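In case you want the letters, here they are:
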Amino acid sequence: MPLDWFPLRLSLHVALVSTALALAGGLWIAYLLANRQFRGKDVLDAAVTLPLVLPPTVLGYYLLVLIGRASPVGRVWEAVFGAPLVFSVNAAILAALLHALPLLVKSARAALESVDRNYERAARNLGASEWRVFWRVTLPLARRSIYAATALAFARALGDFGVTLMVAGNIPGRTQTVAVAIYDAVESGNGAAARVLVLVISVVALAILTLANRLTPESGPRH
Amino acid sequence: MLQARLKKTFAPKPDSAGFTLDLEFTATQGVTVLFGPSGAGKTLVLDSVAGFVRPDEGRVLLDDDILFDGAAGVHLAPRHRNCGYVFQNYALFPQMTLRQNLEFAAERRPRLERHRRVNEMLERFRLTEAAGRRPHEVSGGQRQRCSIARALIGAPKLLLLDEPATGLDAPLRAEFYEALRQVQSEFKTPMLLVTHDLAECFELAEDMLILHEGRVIQRGTPRAVLDEPANLEVARLLGAFNLLDAEIRTLDPGRNTSRVMLGEFEIDGPYFPGHLKGDRVTLCVRPEQIQVSARDGKLRPNQIPAELKRVVERPHGLRLEFSTEATTTIIRATVSRADYERYRETHDWVIQFPSEALRVV
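Which chain is which? The protein sequence lines are A and B, in order.
5 is the number that the numbering used here gives to position 5 of the first sequence; each next residue is one higher, with no gaps.
26 is the number that the numbering used here gives to position 26 of the second sequence; each next residue is one higher, with no gaps.
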């Protein structure tokens, strides 16, 4: 039987989209946590970290409640797009996002906070708005750490199993990601397929983590 | 002209003592120096003027603009204050070239004018060659000039400098002072400069405020402050004096004389206003005002016998350290090499105090 590469392509697609979403949302949350004082900041910080510690079943349950066909979100989605959100690729993306976001927020916040305050002060002193300070000074100075965090988030998004299984299911050729396909292959006694997928996903993850390490500022050239 | 009245209190915390900044000053043309030890509040003053710190009370006025008014609740954002700031380590953006650093500062100007202005500043501060390089790729002198150029490109009404020469080697320091003098003559921007280096005050300042624990304890030209320290704190902070415990014996305003007892020895000086007979005071004598020689028979007025303890080589001449019966502390004297050679064989040194230049606090 020829090997089905669909799960790998799907996993990469899911990880890519969810990492992009996590980067956009995560940077914003990290900026708020690093620069602003507001009520509920501790709660936001904890809530963003929560997916790192909760069991996948709990996360999956929350997602099902939130986006299930009976939920308001699920109903609006279905009315607009004509298909349910659960058990779709988009649900898999949400599941992956849930894991990528906390990693990104944590690292991006640390990266933003590690930028020497005097650069930001200098920029403000030179007439820059907070928006410009962030895009022209803080972010470029933190960029290596943020690249590393993004790579890490991508690797994590690639590897989700539990939540994906609960909200996106195991539909071969539609929502079956690598992690789920491996489970499926092992269950059905297809050792050869499992071995190849395990090997491929391990190599991809190893490559990404090596890249992330290279990007961490200590080993890069100093500015 | 800058007029500032600042008050800010930091409550004591488990790991740090409390601190109160409470001062008022004006700064006009030229360089005004904020001098004081670390922790005196110098940088806090700069940061309050620049808007990085919000004082509890007070008012900051720059020409006709109100930058801060505690009572009226005005606290202008740093970007609207039009004060140039030269940071201690320059804070040039490391990811940008020198040109881009200047462009960043000029970004609010129209494109054509910006380009012209950046080129003009690069030219003026001899940075044209290095313009395409990043801060870590250029020399210390170029970095320093670039930071001044960047601060000046928006034509600020005031330039703030936070210990800009600290950590520089001697040639760079000289270059830096030269650059500041150029700024003074070409741009006429008033400057507020923080330092804890007395030599730097003499190099640059027309006006000097001495800060101690959040207050201004003396103000004047560096010369005037050194000649007439207002109190013991100032004399200590300047670090330029022998400070000796003494007691006032006689005071004669009519003849402009006083006599103090330094241990068992009588020392004559000018009239010391504001003191009473019998007061315990501190005699301030700068090492270069003391003359030393070999004892020649009877002690002359203002001489005390001394024992040479140590000879320290200095860039100019020597510093001799004496112990005496009259004082508990070592007395330092700066002398020329020739003077030292003349008496070096003696075991009977005498210290001659000046009478006119003598001060007590």
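Be a bit skeptical, because a hint or two may be false.
Unchecked claim - In the DSS-like style, the derived pairs of lysine-lysine whose C-alpha atoms are separated by at most 30 Å in a straight line are:
id, chain 1, residue 1, chain 2, residue 2
1, B, 309, B, 298
2, B, 188, B, 7
3, B, 7, B, 157
4, A, 41, B, 13
5, B, 13, A, 106
6, B, 309, B, 277
Unchecked claim - What follows is a set of in silico ranges between Cβ atoms, one per label pair, in the way DEER data are often shown:
id, chain 1, residue 1, chain 2, residue 2, range
7, B, 126, A, 35, 54 to 60 Å
8, B, 12, A, 110, 41 to 47 Å
9, A, 54, B, 139, 25 to 31 Å
10, B, 139, A, 49, 43 to 49 Å
11, A, 35, B, 95, 17 to 23 Å
12, A, 35, B, 354, 32 to 38 Å
13, A, 45, B, 76, 54 to 60 Å
14, B, 95, A, 43, 49 to 55 Å
Treat the hints as calculated values from the structure; they're not laboratory data.
None of the values given here were measured: they were computed from a predicted structure.
Even for Gly, the Cβ is constructed at its ideal location relative to N, Cα and C.
A quick look at each hint next to the structure:
1. B:309 x B:298: 23 Å, holds
2. B:188 x B:7: 29 Å, holds
3. B:7 x B:157: 23 Å, holds
4. A:41 x B:13: Roughly 23 Å between the alpha carbons, so the hint for residue 41 of chain A and residue 13 of chain B holds.
5. B:13 x A:106: 29 Å, holds
6. B:309 x B:277: 33 Å, violated
7. B:126 x A:35: 54 to 60 Å: 37 Å, violated
8. B:12 x A:110: 41 to 47 Å: 30 Å, violated
9. A:54 x B:139: 25 to 31 Å: 55 Å, violated
10. B:139 x A:49: 43 to 49 Å: 46 Å, holds
11. A:35 x B:95: 17 to 23 Å: 19 Å, holds
12. A:35 x B:354: 32 to 38 Å: 59 Å, violated
13. A:45 x B:76: 54 to 60 Å: 31 Å, violated
14. B:95 x A:43: 49 to 55 Å: Cβ of residue 95 of chain B to Cβ of residue 43 of chain A: about 35 Å, so the range 49 to 55 Å is violated.
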